[in-house]
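Take the sequence shown: its letters are residues 372 to 743, numbered as in my numbering.
Everything labelled a hint here was simulated from the structure, so no lab data went into it.
Accuracy of the hints is not assured; some may be wrong.
[What the hints assert, rightly or not] Keeping only pairs whose Cα atoms sit at most 20 angstroms apart, straight-line, the calculated EDC-like set for lysine to aspartate or glutamate is:
(1) Lys566 <-> Glu698
(2) Lys669 <-> Glu680
(3) Lys477 <-> Asp463
(4) Lys475 <-> Asp524
(5) Lys669 <-> Asp700
(6) Lys669 <-> Glu694
[Stated by the list, open to error] If you anchor each label on the Cβ, the simulated ranges turn out as follows:
(7) Lys389 <-> Ala688: 39 to 49 angstroms
(8) Ser381 <-> Asp528: 30 to 40 angstroms
(9) Asn432 <-> Ala378: 14 to 24 angstroms
(10) Gln599 <-> Ala380: 33 to 43 angstroms
(11) Ser381 <-> Ala672: 24 to 34 angstroms
(12) Asp394 <-> Pro480: 47 to 57 angstroms
(13) Gly407 <-> Ala574: 52 to 62 angstroms
Since we're looking at a predicted model, the values are computed, not measured.
Every residue, glycine too, gets a C-beta built ideally from N, C-alpha and C.
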Amino acid sequence: SSFMMAAIASGWNGIVRKKTLEDNNYNLRKVLNIPGTGPFRSVKYVENETWTMEKNPNYWNKGLPYLDGIQFYSLIPFSPELGSAILSNRVDYGRIVDPVTARKAKSTPGMSTTAFNQSVIQGTWVNNKKKPLDDPRVRRALHLAFDRPVLVDVVKDVAPMQVGGFLYPFSEFATPRAELFKQVGYQEDPTAALKEAQALLAAAGHGDGIKGLDFLVRDVASFKLWAQAIQAMLGEGLKVECNLRTVVESVWFDDTANGHFDLAIGAVVSTLLDPSDYFNAWYRTGGPQNYSFWHNEKFDALLPGIDTEVDPAKRLALVRQAEAIMEQDPPVLPVAWERINDVWWNYVKGHNPTDYFGIYDVVRFDTFWLDK
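Please take these sequences and the hints and turn them into a complete structure.
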């Protein structure tokens with residue numbers, strides 16, 4: 372299938388010699404300079420500060436890299452500190468820059484910026500083990516109560532986002548945006564979506580609302596803003612009352628894994644743009660990022676066909692069936708799909724981030740060079 376080359380070439384699929392594994396007791400987490408054929412080698416690492424790399428003279432691609440080395444600085448994504456570092460030219464290139472800084476860079480002579488699609492869904496997981504959240508009608512009602520264009524706007528100065536459903540909205544597999552934005556739950560005017568949501572909740576026996584939901588929130592600026600907005604949307608639209616519980620990342624992952632939540636807002640990542648990757652990880656029964664403990668037999672039954680069908684038209688039809696199932700029985704409540712702002716000074720050459728997908732497989736830097 373078409374995704375196989377991307378899967379084989381993924382940077383996650385590193386090959387390490389047996390001796391290196393044996394020398395380190397098969398644990399490379401603390402090894403800074405793993406022997407390999409990449410363009411750069413580690414020189415020095417200072418935790419939470421800098422990582423200094425030097426050119427690898429034995430790089431497999433002869434003639435590259437162009438740079439003699441790279442100095443990486445550890446700055447928090449979307450932070451004012453990162454924005455200040457690139458705008459003041461203390462660094463040459465910035466990744467995961469906040470939208471305000473990106474707008475400033477766009478109007479600054481000698482600077483450029485672009486936004487590319489990230490391999491991440493921002494979502495709210497619904498604990499399917501808890502009543503009344505085990506009812507698909509309740510989950511769809513919550514799904515329809517999200518005013519997604521507003522949620523994108525809520526964080527417009529914090530992080531760049533876009534409206535989407537259960538598939539990467541910019542992929543060939545997803546319902547085209549023009550069609551998606553005509554569906555309830557994605558329209559600019561939320562009136563029809565709220566009407567259906569209220570009817571679903573009433574049919575499920577909760578016309579008077581639901582009280583006391585434990586809403587787990589990752590301690591990140593965008594999630595905290597969204598949680599407040601979602602709390603208001605659910606309260607005003609459906610009389611569903613949530614108690615926000617903001618926690619650090621480690622607690623968030625522990626509590627979601629153990630089912631200690633009713634709703635949980637966060638994000639998950641995939642390696643590939645292809646549904647075979649993230650359908651199995653995010654949505655399949657027992658999948659590693661299926662934080663809702665969602666189980667849908669009809670959806671699971673479609674996965675073997677999606678994973679093995681070689682006819683593109685037949686495979687797309689299976690994907691669309693899976694998408695339709697998720698709309699009626701949501702495995703997660705999509706909040707938004709992430710984009711990434713890169714900002715750089717124009718003397719940085721040899722790159723084209725406009726076409727990137729995700730931040731994890733685009734860090735080779737072997738063709739970068741400085742025109743100064």
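Checked hints:
For the given pair, Lys566 sits about 16 angstroms from Glu698 by alpha-carbon distance, which is consistent with the 20 angstroms threshold. A distance of roughly 17 angstroms separates the Cα atoms of Lys669 and Glu680; the hinted pair therefore holds under the 20 angstroms criterion. Distance check on the hinted pair: Lys477 and Asp463 sit about 15 angstroms apart at the alpha-carbon level, within 20 angstroms; holds. Using a Cα cut-off of 20 angstroms, the hinted pair Lys475 and Asp524 holds, with the two alpha carbons roughly 19 angstroms apart.
A hinted pair counts as satisfied when its Cα atoms are at most 20 angstroms apart, and Lys669 with Asp700 qualifies at roughly 11 angstroms. Annotation: proposed proximity of Lys669 to Glu694 holds, straight-line Cα distance about 11 angstroms (limit 20 angstroms). Checking the proposed 39 to 49 angstroms range against Lys389 and Ala688 shows it holds: the Cβ atoms sit about 44 angstroms from each other. At about 33 angstroms, the beta-carbon gap between Ser381 and Asp528 stays in the expected band of 30 to 40 angstroms.
Remark: the range hint 14 to 24 angstroms for Asn432 to Ala378 is upheld by a beta-carbon distance near 21 angstroms. In this structure, Gln599 and Ala380 meet the distance hint of 33 to 43 angstroms, their C-beta atoms being roughly 41 angstroms apart. Between Ser381 and Ala672, the C-beta spacing of about 28 angstroms keeps the proposed range 24 to 34 angstroms intact. The supplied range of 47 to 57 angstroms is met by Asp394 and Pro480, whose beta-carbon atoms lie about 51 angstroms from each other.
For Gly407 and Ala574, the hinted distance range of 52 to 62 angstroms is satisfied, since their beta carbons lie about 58 angstroms from each other.
Consistency with the previously given hints is maintained throughout, with no hint failing.
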